[in-house]
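Engineer: So the protein lines, in turn, are chains A and B. In this text, residue positions in the first sequence follow the working numbering: the first is 2, and each later residue adds one. In this text, residue positions in the second sequence follow the working numbering: the first is 15, and each later residue adds one.
It is worth saying that the hints were derived from the structure and are not from the lab. One should not assume that every hint holds.
[Stated by the list, open to error] Restricting the straight-line Cα-Cα distance to at most 25 Å, the calculated cross-link-like pairs of lysine-lysine (DSS-like) are:
(1) B:LYS169 / A:LYS8
(2) A:LYS27 / B:LYS883
(3) B:LYS159 / A:LYS77
Keep in mind it's a predicted model, so treat the numbers as computed, not measured.
Below, each chain spelled out in residue letters.
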Amino acid sequence: MYGIVNKAIESLVIENFGIEKWNIIKETSGVDVDFFMSNEPYDDDITYKLAGAVSTEMNIPLSDVLITFGEYWVLKTGKEKYGSLMEAGGDNLKEFLKNLPAFHNRVMLFYPKLTPPEFKVSHEEERSLYLHYFSKRIGLKEFVRGLIQGLAKLYSTPVTIDLLEDRDAGDDHEIFKVSW
Amino acid sequence: MEIKFKDDQFNRLFPFYVLVDQNLIIQGFGRSIAKILPMVKGTPLSKLFSFKRPALQEITFSTLQEISNQLIIIEYDENKQLSLRGQIEYLEESESLLLLVTPWFSSMDHVKEFDIKLNDFAIHDSLIDVLHVLKTQEIVTEEVKELLETVKKQKSDLQRLSLIAEETVNGVVITDRFGKIEWINKGFVKISGYSLNEVIHKTPGSFLQGPGTSEESINYLSNQIKAKQPFVCEIINYHKKGYSYWIRINGQPLYNYRGVHTGFFAIEEDITKEKEASIQLKEYEDRFKVALEKIGDNVWVYDYRTQKTEFSQTDSTFNPAENYETENQNWLDYLHPDDKSKMDELDHKYKNCEINHHSIEYRIVLKNGKVKWILDRGVVFEKNNDNTPIKIIGTHTDITSLKEVESALNNQKVFYESILNNIPADIAVLSKEQRYLFLNPVAIKDPILREWIIGKNDEEYFRYRNKPLKVANKRQELFNKALASKKLERFLEELINAEGKTEYHLRNMYPVLNEDNEVELVIGYGLNITDRIEIEKQLELAKKETEEAAKAKETFLANMSHEIRTPMNGIMGITELLSKTPLTSKQKEYANLIKESSNNLLVIVNDVLDFEKMIAGKIELESIPFNIGQKLKYAIETFRYKAEDKDLYIHFDNHLPKDLLVEGDPYRLNQIVFNLIGNAIKFTEVGGITITTHIKEVFGNKMNIELIVTDTGIGIQKHQLDNIFNPYVQAKAEISRKYGGTGLGLSICKNLVEILNGTILVNSIENKGTSFIVKIPYAISKLKRLKDAPTADHRSIKGKRILVAEDVEINQYVVRNILENWNCDVTIVDNGKKAVEAVRNNDYDLVLMDIQMPEMNGFEATEAIRKIKEKATIPIIAVTANSIKGIQVRYNKSGMNDYLIKPYNEENLFTVIDRMINGQSKNTKKDNMKSSDVTKQPKVIESLTIMSGGNELYAKKLAEIFIRTSPEMLDNMKVAFANKDWDTLARNAHKFVSSIGALGLQEGTVLVKRLEENSKNKINFDEIMSDLFSFEALIDETINILRGEYN
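Just chain A, same shape as in the assembly:
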């Protein structure tokens, strides 16, 4: 995972709970990294440890931590650092979601050490679509859910997200039905 992800977790914690809490979480997680570089790849484990430590320290379920982080990733990190890029992604939620597969395909190119997930869109309807999520990482589907929620907020479009297929249920990837 590139440092930008861990950095986003750091910002999320500091913004909401202060630097002291972040130091505790870092100490709890056993992550001994003083400074995350955004374009530097880090072991995925670090991200998992940080998310786990936040969950433990704040006494929040990990799934909620991931959802929150997904939202934060879109609304803060994405908007602040890649705002214009994201705006170029589409005029509305549907358009953005449709561009999501191409977007991630491009990411792979300029983050060569990244193992990005792959998205696909199907069953496109007037007010819904299926978003397919393929990833080698496990346990980040709730992060994806948070991302979708964050995008929905970005475009001020209330959504319903239904998980149609789930690797935990024996499927080969996750399918989210996003309705608005």
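We have chain A already, so just place chain B on it with the hints.
Structural biologist: Okay, now just chain B, sitting in the frame of chain A:
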């Protein structure tokens, strides 16, 4: 193979293309370029664009065709910010040029400006990816800057810390994980004397410790290091040169970023001076402790660093000590729960430097459950540089018994306050500044007002309540008086109550004195005595009425006495004259019966009068020598024939010496004996009466004479014995009917006996007889024997000219007969006026002056006679039936020389006349009277003469006393008047009443009585003033007269 695209396909591949003909006129363009530029077919290319790269001299179809193998950059002329990059292809078939370009944006923001999306670009177009990479680059650059900044700061901090570590005066040591030195600073070198080279890879203890180093401290440090734990301790180290010094080590274990223990970091502070000071302080502390312990209290020292308390006494001598700290127990756990907050507050204040000493009281609950009160006092003994305390020293004093006393006192206070609150009188406690400290609910009912007044004075209260200030001023006056006199002071306060009625309050101010006899506070209490005053007024009225009634009674008695005696004088005189005429035996018997009846009637009248005199305290006693045995014998003899009449014996069993002479009033003794014997005869039908006399006791020149009258009569019932001496009581109702009498006899007897300081007892058995035992003390006379009574020699007054002023004819007749029998020359007139004329025109040797006469009474006539210059000294004898006490003084005051009470017998009449004509006149001084003062002077001198019974020395003495004391008394009156002290004035005026009266100064008596009355009632001040002046003049004049007479 020829490739052909449909428009739509071409647009997807090259959405920004531009197609121009040979004239470089735009013939076609992509869908996306139209979004960002005003593309219109037919527009010359040069109108929109200029070529930036390559730089062309001339833009023609051919020149553009030539650069088809090059990258071109064209600019939109209207907006130089928009460039497009791409390439040109010549299309032979259509003789046209195809510009395959795409916009070249410098950033995503740039893209945003032209409002195009990702979909507007061909999928293969990598511009957006390039822009994304650029953006990431930008972010990373920012992060690198931030990282550099962080590192720079950390470096700076590290350098500063290094410098501090290096340069600090404290020693800094860094060791490896085994405690071996890796680095030391300059401070360490200075303190220890060793250089880094000398100590590197050695443990500090190996070269710093010495004989004085505490084993305990060494073990502690060793254990902490082994356990990789922080350590703090004070320890003695040795310098390279061998001397010792104290350091305080503060060490921390060091870990690397992986959490691996790498060594220790320690700071060593040279505390040698501090230690020395501490030792000195300890010495002071010990001395202080000893001093405090001498007081007998438990001394404690609390150390904020260790949070432990040490006590000087831990044995049971100081009782709460059993609760003091043990290994597992803090003594504060034994504080009474209600007092714990006191200690917390105290601790807080010490820690915040709000206090540097304290004194509080709290309770400790002993293990046995009992509660001890402790007085805890303490002071900061040692403190840090920031003034926070290190040590506090203090004492614990067991004040349980004091508290018990305090509690008892408080209970007592509550008790007394409860009493004070419930006493039905208003009570106040005032400070010596006259401010209220306490008031009970009777004084002020309203509790809010009662609270308000505390600390205030009367003036403030009266103003607040809008009450008249004069009352407050009076109270102030009384308060000051009590302060000055240090005694209870009181005054009567007159108030108008809420209902508008007058109330009287007796205000009392009682000063409470301290040991130095100074007023500490004043207790004021007031009683509402309105009811009492009202009752007093009624009593005063009742008293006045009673007095008036008594006076009326007295007047009535005087009149009655006069009215009875006057005719009796005639009856008895005529009877006496009748008896001297030749009579038949029957006539003699009748004459005797008349005499007897008259005598009986006289006894009854005298009884009634005597009794009234007694109850009014007006009985006058004589004190003359007389033979008591003889007197009793005569008295008994007078009853002999009466007894024999009833066939009763009468025995006189006399055991008194024949010649015993005593001094006293023989008349009163006679009266007693007459009563008792008369009764005995009256109530005895068989047997007789025995009179026994004895001398019972002799003491000094006095003796008790016992007289027992025993009869064999009807006796007295036992239940009647108790009230036999009560007035108007006779043993049986039928007695009154059968035996007659007033029922006053025994009561008179008892009263007379008691007036004579004697006793009377009665023993009686019904139907057997009665004994009355009388005991009277008499002084033994110094005379050996009595002069023989002169036999009446009527010749001594033979031929004397006597004027009788008497209006009652029968009395004129009696007296004329008697006097003419004695061969006197008698002139009779029937009123005072005629008497005065007779005296003026004739020469008489003596005047017998009746008092109650028509025209002019006896007093007036006498005064008139005294004014006839050449006749002023003629003896005048008052003759009256009025026998009330004081009559003599009145007659004398009127200028009369003597008096006779009607009915009188011949003997009495002769005695008085003979004494006046032949004896020493009581008024011998009259001849010396100053003619200028015919009214006052004779009265003053005469009165004195009368008072002194003719004893000139005595009279002189009285005059001297009057001259000496009167001016002072008069001055007192004047001072009292000036001070408006009416009570004192009244008191002094009253003192004059008797002396002025005794001198016969009627005018003075009137003045002085009026002065007394007015002063007492605080009225008629003008009259008081004028009376005082008149009285002063009178006193001056009287003193002059007395001086002229007796000096």
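Engineer: Would you check the hint for LYS169 of chain B and LYS8 of chain A, treating anything up to 25 Å between C-alpha atoms as holding?
Structural biologist: holds, 23 Å
Engineer: If you draw a straight line from the CA of LYS27 of chain A to the CA of LYS883 of chain B, is it 25 Å or shorter?
Structural biologist: Outside the cut-off at roughly 150 Å; violated.
Engineer: If you draw a straight line from the CA of LYS159 of chain B to the CA of LYS77 of chain A, is it 25 Å or shorter?
Structural biologist: holds, 21 Å
When held up to the earlier numbered hints, the structure conflicts with hint 2 and nothing else.
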